[in-house]
Amino acid sequence: MTTATPTVAAGTQKTDGTPTTTAGRVRKRLNSRTATLVSVVIAVVWTIPTFGLLVSSLRPEDEIKTTGWWTAFTNPQFTFENYQQVLFGRSSSSGQLAGSFINSLAITIPSVLFPLAFACLAAYALAWINFRGRDWVYIAIFALQIVPLQMALVPLLKFFSTGVTLGGVTLMPAWDLVDEQKFAQVWFAHTCFALPFAVFLLHNFISQLPGDLMEAARVDGATHPKIFRTIVLPLITPALAAFGIFQFLWVWNDLLVALIFAGGGNETAPLTVRLAEMAGTRGNEWQRLTAGAFVSIVVPLIVFLSLQRFFVRGLLAGSVKG
Amino acid sequence: MEFDFADQQPKLLMLMYGLIAFVVVVGGLLLLLDLVPAWFARRREAQLVAASASGAPLPRRTKPREGLFALFFLLPTLLLLTIGLVVPAIRTTLLSLMDGSSTNWVGLRNYGWMFSDDSIVRVLINTLVWVLLVPLVATGFGLIYAVLVDKARFESVAKSLIFLPMAISFVGASIIWKFVYAYRGEGDQIGLLNQIVVTLGGEPKQWLLESPLNTLLLIVIMVWIQAGFAMVVLSAAIKAIPGDIVEAARLDGVSPWQMFWQITMPSIRPALIVVVVTLTIATLKVFDIVRTSTNGNYDTSVIASEMYNQAFRYGQNGQGSALAVFLFILVIPVVIYQIRNLRQQREG
Numbered sequence: 055m056t057t058a059t060p061t062v063a064a065g066t067q068k069t070d071g072t073p074t075t076t077a078g079r080v081r082k083r084l085n086s087r088t089a090t091l092v093s094v095v096i097a098v099v100w101t102i103p104t105f106g107l108l109v110s111s112l113r114p115e116d117e118i119k120t121t122g123w124w125t126a127f128t129n130p131q132f133t134f135e136n137y138q139q140v141l142f143g144r145s146s147s148s149g150q151l152a153g154s155f156i157n158s159l160a161i162t163i164p165s166v167l168f169p170l171a172f173a174c175l176a177a178y179a180l181a182w183i184n185f186r187g188r189d190w191v192y193i194a195i196f197a198l199q200i201v202p203l204q205m206a207l208v209p210l211l212k213f214f215s216t217g218v219t220l221g222g223v224t225l226m227p228a229w230d231l232v233d234e235q236k237f238a239q240v241w242f243a244h245t246c247f248a249l250p251f252a253v254f255l256l257h258n259f260i261s262q263l264p265g266d267l268m269e270a271a272r273v274d275g276a277t278h279p280k281i282f283r284t285i286v287l288p289l290i291t292p293a294l295a296a297f298g299i300f301q302f303l304w305v306w307n308d309l310l311v312a313l314i315f316a317g318g319g320n321e322t323a324p325l326t327v328r329l330a331e332m333a334g335t336r337g338n339e340w341q342r343l344t345a346g347a348f349v350s351i352v353v354p355l356i357v358f359l360s361l362q363r364f365f366v367r368g369l370l371a372g373s374v375k376g
Numbered sequence: 174m175e176f177d178f179a180d181q182q183p184k185l186l187m188l189m190y191g192l193i194a195f196v197v198v199v200g201g202l203l204l205l206l207d208l209v210p211a212w213f214a215r216r217r218e219a220q221l222v223a224a225s226a227s228g229a230p231l232p233r234r235t236k237p238r239e240g241l242f243a244l245f246f247l248l249p250t251l252l253l254l255t256i257g258l259v260v261p262a263i264r265t266t267l268l269s270l271m272d273g274s275s276t277n278w279v280g281l282r283n284y285g286w287m288f289s290d291d292s293i294v295r296v297l298i299n300t301l302v303w304v305l306l307v308p309l310v311a312t313g314f315g316l317i318y319a320v321l322v323d324k325a326r327f328e329s330v331a332k333s334l335i336f337l338p339m340a341i342s343f344v345g346a347s348i349i350w351k352f353v354y355a356y357r358g359e360g361d362q363i364g365l366l367n368q369i370v371v372t373l374g375g376e377p378k379q380w381l382l383e384s385p386l387n388t389l390l391l392i393v394i395m396v397w398i399q400a401g402f403a404m405v406v407l408s409a410a411i412k413a414i415p416g417d418i419v420e421a422a423r424l425d426g427v428s429p430w431q432m433f434w435q436i437t438m439p440s441i442r443p444a445l446i447v448v449v450v451t452l453t454i455a456t457l458k459v460f461d462i463v464r465t466s467t468n469g470n471y472d473t474s475v476i477a478s479e480m481y482n483q484a485f486r487y488g489q490n491g492q493g494s495a496l497a498v499f500l501f502i503l504v505i506p507v508v509i510y511q512i513r514n515l516r517q518q519r520e521g
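Each protein sequence line maps, in turn, to chains A and B.
Residue numbers for the first sequence follow the numbering used here, beginning at 55 and rising by one.
Residue numbers for the second sequence follow the numbering used here, beginning at 174 and rising by one.
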């Protein structure tokens with residue numbers, strides 16, 4: 055993999071000036087060949103690992119454990135047994151990923167909706183309502199983006215488990231959540247952690263809407279809530295989609311927050327937590343790990359591929375406009 | 174060997190509660206926002222009517238209540254950020270000055286521990302290696318690939334291939350690569366890497382157990398995931414270079430090599446900086462890969478995974494918090510650099 059860099063350098067360096075001679079033209083073609091070759095090599099290196107995982111997940115257990123997945127092409131034996139096992143198996147060692155799959159869904163959907171709605175409202179206020187200290191509020195929220203979520207984990211967990219007492223007065227009792235109720239903690243944590251970036255991203259879009267439009271609406275006597283609902287919301291749907299996909303991928307793929315706030319129990323652990331646990335304790339059960347990994351990958355992959363357009367737009371808006 | 178759907182019902186019920194809460198909170202807020210101004214309008218109308226009936230001078234129009242609106246719009250965000258981020262961050266800073274059970278003040282002892290304990294110094298060195306390598310290598314691959322496939326046939330397909338790992342969780346990616354690194358004592362190898370080594374006549378190895386090589390192999394996973402991000406952003410930047418500049422350079426007979434260094438690189442510098450900075454911050458916080466692949470054993474731990482172990486496995490809140498604060502301190506200069514850069518860009 056690391057050899058790719060010098061190849062390009064050497065390859066491109068050769069052509070100096072426009073090729074006027076035959077030799078020059080040949081060299082140029084070779085040059086573009088090198089370029090193609092290098093890009094194909096990179097593409098292959100980037101794809102092979104996932105491909106190997108997919109092939110392996112479809113092979114019978116003893117085949118996976120004794121021969122490399124590349125032998126499957128000369129000796130094809132395929133089965134869905136691994137998926138059956140890992141999703142619906144009853145024994146605790148099999149993974150029971152169907153339950154975790156539902157946990158992942160239950161965690162992800164509200165964790166996307168809440169920050170989306172709140173950030174949308176906040177971004178509108180910061181962009182189009184005039185009030186004192188507006189810039190400072192925006193800068194403060196913007197700055198919070200850099201606080202690593204590690205800074206919040208310990209106290210936030212304490213906040214859920216013991217509540218808030220100030221000078222002996224209980225301001226908020228402990229949440230005391232059990233089993234699937236713990237989803238609420240995860241929703242809360244994800245919402246808090248997502249807000250700074252969400253406000254920043256949506257503010258970028260909302261503040262660029264034409265001011266004349268708002269002015270005209272104001273002259274017609276529309277109030278801020280009305281403008282927000284009837285003018286702004288429909289116009290920023292692409293931005294909402296962009297952030298929605300971002301947040302979806304982030305929450306679905308998150309391990310740290312889920313590990314701490316959902317715990318490892320069957321009732322709450324999402325796919326990532328369960329898979330990480332399987333990789334640790336049953337690191338050689340490749341028939342389950344490969345199938346399990348693919349189960350966890352497939353949903354974000356579908357979302358990603360079908361909505362890539364929005365995702366890329368959000369990515370560029372979030373990182374380039376700054 | 175069967176799956177009982179009934180077991181899953183409480184979860185779905187909980188999800189439904191969550192959705193109902195969402196509708197109630199957001200819907201309620203919007204409704205409130207509609208009702209409040211209507212109520213004010215009606216009150217003012219009543220005042221006007223009363224004033225005109227009694228012949229008193231009309232009450233002066235009060236200033237529009239912009240601030241009140243703003244407060245309602247911002248309320249949920251500000252509340253959640255305070256409870257979920259600001260207050261916890263302050264408390265973590267305080268906890269880092271206390272002992273493991275958060276009862277006694279110990280001053281800066283936790284920070285002293287961080288730089289004197291050999292295993293933690295190792296963690297810091299590992300983090301440094303990560304931060305130096307990942308942004309550089311991932312951006313390098315992203316840039317090379319973006320330049321090479323630019324305007325090529327099948328460009329979008331080619332880009333999707335590199336971009337796809339971004340959709341995969343770090344946990345999934347770690348499992349994918351753990352399988353590449355897999356080792357078998359006897360018989361055929363099942364891991365691709367060992368198979369390649371054997372084919373080339375070498376001895377298979379337990380890659381993830383050998384320090385410091387294992388850290389590099391984990392870094393490969395991160396590069397694999399992040400190169401797609403670099404590629405997409407840089408590719409967009411390359412496409413944004415004005416066509417006439419490229420055309421003019423081509424007419425001047427510039428070689429592709431010169432074109433790259435004298436036209437492409439200066440034009441995409443801002444995007445390049447953004448990519449490197451974003452990757453640096455993401456790398457500083459890397460946790461999932463280390464946790465899934467080695468659980469921080471065999472000298473692979475980094476700050477974020479050590480922070481988790483200290484605070485949530487060993488119950489050392491003080492030391493865990495100190496690591497978190499240190500992580501925060503490391504992020505700050507990177508962000509300041511980016512902000513200064515952006516400001517220069519806007520002025521220039």
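Do not rely on the hints blindly, as some may be mistaken.
[Claimed, not checked] Computed footprint of chain A on chain B, listed as stretches where at least three residues anywhere in the stretch have a Cβ under 8 Å from a Cβ of chain A: (1) 278–292; (2) 337–351; (3) 358–365; (4) 371–385; (5) 451–465; (6) 499–513.
[Claimed, not checked] When the alpha-carbon atoms are kept at most 25 Å apart in a straight line, the in silico DMTMM-like pairs for lysine to aspartate or glutamate are as follows: (7) B:K412 to A:E117; (8) A:K280 to B:D323; (9) B:K378 to A:D116; (10) A:K212 to B:E383; (11) B:K378 to A:D233; (12) B:K412 to B:D425; (13) A:K119 to B:E383; (14) B:K378 to A:D266; (15) A:K119 to B:E218; (16) B:K458 to A:D230; (17) A:K119 to B:D361; (18) B:K184 to A:E117; (19) B:K184 to A:D116; (20) B:K184 to A:E321.
[To be verified] Computed beta-carbon distance windows for the label pairs: (21) B:N514 to A:T335: 42 to 50 Å; (22) A:D189 to B:N468: 29 to 37 Å; (23) A:F105 to B:Q517: 19 to 27 Å.
Hints were generated in silico from the structure; no laboratory data involved.
Cβ atoms here follow ideal geometry from the backbone N, Cα and C, with glycine treated the same way.
To see whether the hints hold, each was checked on the structure:
1. 278–292: violated (count 0)
2. 337–351: Result for this restraint: holds, n = 14.
3. 358–365: The restraint on the region 358–365 of chain B holds, since 6 of its residues have a Cβ under 8 Å from chain A and three suffice.
4. 371–385: It is violated, with 0 qualifying residues against the three required.
5. 451–465: holds (count 8)
6. 499–513: holds (count 6)
7. B:K412 to A:E117: Outside the cut-off at roughly 47 Å; violated.
8. A:K280 to B:D323: violated (45 Å)
9. B:K378 to A:D116: holds (22 Å)
10. A:K212 to B:E383: Violated: K212 (chain A) and E383 (chain B) sit about 38 Å apart, past 25 Å.
11. B:K378 to A:D233: At roughly 42 Å apart (the allowed maximum being 25 Å), D233 (chain A) and K378 (chain B) break the hint.
12. B:K412 to B:D425: holds (21 Å)
13. A:K119 to B:E383: Status holds; Cα separation ~23 Å.
14. B:K378 to A:D266: violated (67 Å)
15. A:K119 to B:E218: violated (81 Å)
16. B:K458 to A:D230: violated (30 Å)
17. A:K119 to B:D361: Given that 25 Å is the threshold and the Cα spacing comes to 9 Å, the pair holds.
18. B:K184 to A:E117: Given pair K184 (chain B), E117 (chain A) is violated - Cα atoms ~37 Å apart, limit 25 Å.
19. B:K184 to A:D116: Since the Cα atoms of K184 (chain B) and D116 (chain A) sit roughly 35 Å apart, the hinted pair is violated (cutoff 25 Å).
20. B:K184 to A:E321: Between K184 (chain B) and E321 (chain A) the Cα gap is close to 7 Å, so the pair holds against 25 Å.
21. B:N514 to A:T335: 42 to 50 Å: Check passed, 45 Å falls within 42 to 50 Å.
22. A:D189 to B:N468: 29 to 37 Å: The hint (29 to 37 Å, Cβ to Cβ) is violated, given that D189 (chain A) and N468 (chain B) are roughly 45 Å apart.
23. A:F105 to B:Q517: 19 to 27 Å: Because 44 Å falls outside the window, the suggested range is violated.
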